Amino acid sequence: MPTGAEQHRQTERVHKNTTVTSLPSTPIRMSSRRMLRWLVCGRLGPVWMWKALLLFGAIAFASQLLGVIFNKSVHPAAHSIFSFPDAQGPSLGSCQPHTHIMFLKTHKTASSTVLNMLYRFGEEHNLRFALPMSYQLGYPLPFNAHRVKGYRGPGAKEFHIMGNHMRFDKLEVEKVMPEDTFYFSIIRDPVSLAESSFSYFKEVAPAFRKAKGLGDFADDPKKYYDPRLRNNHYARNGLSFDFGLDHNANFSMALAQRGEAMIRQAFNLILMSEYFDQSMILLRHAICWPLDAVVSFNLNAQQQKPSGIGLMGGSRFGKAAAGFSDKGGHSQAKMPPNLPLTEEQRERLRQWNALDWYLYKAFNKTFWEEIQRFGLTEMEQEVALLRARRDVLAQVCLRNGGKPLEAYRIRDKTIRPYQTGMVKILGYELQPGLDNATRTACLRMIRPEIQYKDVLDAKQFPRDSASQVQPGQQSQGRVVSAGGSFLKQDSSRTGETRVAGEVGGRTVEEGERDWDASHSIRTNQTLMRGKEKEG
1187 MPTGAEQHRQ TERVHKNTTV TSLPSTPIRM SSRRMLRWLV CGRLGPVWMW
1237 KALLLFGAIA FASQLLGVIF NKSVHPAAHS IFSFPDAQGP SLGSCQPHTH
1287 IMFLKTHKTA SSTVLNMLYR FGEEHNLRFA LPMSYQLGYP LPFNAHRVKG
1337 YRGPGAKEFH IMGNHMRFDK LEVEKVMPED TFYFSIIRDP VSLAESSFSY
1387 FKEVAPAFRK AKGLGDFADD PKKYYDPRLR NNHYARNGLS FDFGLDHNAN
1437 FSMALAQRGE AMIRQAFNLI LMSEYFDQSM ILLRHAICWP LDAVVSFNLN
1487 AQQQKPSGIG LMGGSRFGKA AAGFSDKGGH SQAKMPPNLP LTEEQRERLR
1537 QWNALDWYLY KAFNKTFWEE IQRFGLTEME QEVALLRARR DVLAQVCLRN
1587 GGKPLEAYRI RDKTIRPYQT GMVKILGYEL QPGLDNATRT ACLRMIRPEI
1637 QYKDVLDAKQ FPRDSASQVQ PGQQSQGRVV SAGGSFLKQD SSRTGETRVA
1687 GEVGGRTVEE GERDWDASHS IRTNQTLMRG KEKEG
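Numbers 1187 to 1721, taken from the working numbering, label the letters of the sequence shown in order.
The hints are simulated quantities; they were obtained by calculation from the structure and are not laboratory data. Any given hint could be a false lead.
Derived pair list, reagent style DSSO-like, types lysine-lysine, alpha-carbon separation capped at 27 Å [as the list claims (entries may be wrong)]:
#1 K1599 <-> K1589
#2 K1343 <-> K1356
#3 K1396 <-> K1645
#4 K1599 <-> K1356
#5 K1589 <-> K1610
#6 K1408 <-> K1396
#7 K1335 <-> K1589
#8 K1599 <-> K1645
#9 K1547 <-> K1408
#10 K1599 <-> K1610
#11 K1409 <-> K1396
#12 K1343 <-> K1610
#13 K1409 <-> K1398
#14 K1335 <-> K1356
#15 K1589 <-> K1356
#16 K1408 <-> K1398
#17 K1343 <-> K1361
#18 K1610 <-> K1645
Quick list of simulated restraints, FRET-style, between CB atoms [stated by the list, open to error]:
#19 D1577 <-> L1278: 41 to 49 Å
#20 G1339 <-> E1529: 33 to 41 Å
#21 R1414 <-> A1440: 38 to 46 Å
None of these values were measured; they are calculated from a predicted model. Cβ coordinates follow ideal geometry from the N, Cα and C atoms, glycine included.
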């Protein structure tokens, strides 16, 4: 038996052994805690800093989420296709956009499409338009400054853009527009112009109405043409007439050169409808506008056989921009077929429109000199960008694959093009589901000329908008031509009206000056109702 001292020593040894066997785990646990504390506090920062970072991160995420929600609900324009960088196009350097613009709107030259560009740009930038009292600036009379609505005299230069139909008179225009105004216009080959004019103005131009077809007219124009009859200016040297020249004078080189010199002195740029896209690039650089300002859809287009796509096209060497009618006379019940012209008939039309033909050749030469200075490679690149942008906007904006529709098939009656003459004028429908900003921009691109003028008029003269002649009201004793030229009918068998303004430089009688489009609008609405019933 061990003594008490030995038992005490054995107990100490057992206790010591037990303590020893448990000691190795204690240093391991302590070193792990020290390691974690060392990593957190020594290497990655104190715990309070991590908590602060997590808090700030949560706040930033919440702010970003709220900002996205706010922008979606209040600022939809940021998501519009028109706000993308592609809308600006290639850089124009340090130039500043021209805001004083005068466009001479010639007939059947894609001028309605150009006017739409001016309307869009002016509306977007809150510019002031020199608008007519009705729908044209006194046409076919020579322009007079008092034809501009709100004109207060030559000292008040308060207008930025002028572009409605007129017969040009530079001195009168200068009373309205500032000195730094940029003047431009657009022309077309007289033969293709005659083809388009014949189908469009056949029912209002006596010379065209009497002919069985354009070929018949071309064979002997003097047989059908009487310079004393109203609206026959559409049948001879129509471009020269719009520029204010004597379109009925016998052609001479001296006369043609004087006309050319007058146009060159008055205008900064003359565009070509056959090369519409190239024209838009030259115009864009001349007036320093962004690319989207000159991207367009073909407006006031005549229905073709086969139906075209309605968008401007054509290559640099193409004959004409796609969407334009090269063959007039799309036959309907009252209109005989218009057979293709022979080369001999085309040459006779050039001789009949000799002044226009001279001007066309002269300014076509100048046009290509401008492109040479611009650079052929650069032109091709920018035209490609313009066409690509047009395709994108057509996909975004337009239903039916961007193809134009007959007016009565367009469900929104406020954007149906007015129907005049014996041809169908096509329009467009918007894609459904567009955001507000995109829809507004797309609507501007397809809004027909007459409706657009009314919209701008109401904005510019809100007090007068309620008292204006509204669409559907008829003006007493007047009828409207396809081109917007208005006249009083006489009681003769033919209904033709002789005017003094076609001979010897005399003007139309004073009593026939205040023309408007009310009859045209009413007739158009009647046609649309009939078409809807048929459809």
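What's the verdict on K1409 and K1398, does the C-alpha distance respect the 27 Å limit or exceed it? 12 Å, holds
K1343 and K1356 were given as a pair; does the straight-line alpha-carbon distance stay at or below 27 Å? Holds - the C-alpha atoms of K1356 and K1343 are around 15 Å apart, at most 27 Å.
Taken at face value, is the distance from the CA of K1356 to the CA of K1335 at most 27 Å? Measuring from Cα to Cα gives roughly 18 Å; hence the hint holds.
27 Å Cα cutoff - pair K1599, K1645: 20 Å, holds
Take the C-alpha atoms of K1335 and K1589, compute the straight-line distance between them, and say whether it is at most 27 Å. 36 Å, violated
Does K1396 sit within 27 Å of K1408, going by the straight-line distance between their CA atoms? This hinted pair holds, its Cα atoms lying about 12 Å apart.
Checking one constraint from the list: CA of K1589 to CA of K1356, max 27 Å. Satisfied? 39 Å, violated
Decide if the proposed pair is consistent with the structure: K1589 and K1610, CA atoms, cutoff 27 Å inclusive. 14 Å, holds
Between R1414 and A1440, does the beta-carbon spacing fit 38 to 46 Å? This hint is violated: roughly 26 Å between Cβ atoms.
Quick one, are K1343 and K1361 close enough, alpha carbons at most 27 Å? 8 Å, holds
If you draw a straight line from the CA of K1408 to the CA of K1398, is it 27 Å or shorter? Holds - the C-alpha atoms of K1398 and K1408 are around 14 Å apart, at most 27 Å.
Take a quick look at whether K1396 and K1645 sit within 27 Å of each other, Cα to Cα. 43 Å, violated
Violated hints for the displayed structure, listed by number in ascending order: 3, 4, 7, 12, 15, 18, 19, 20 and 21.
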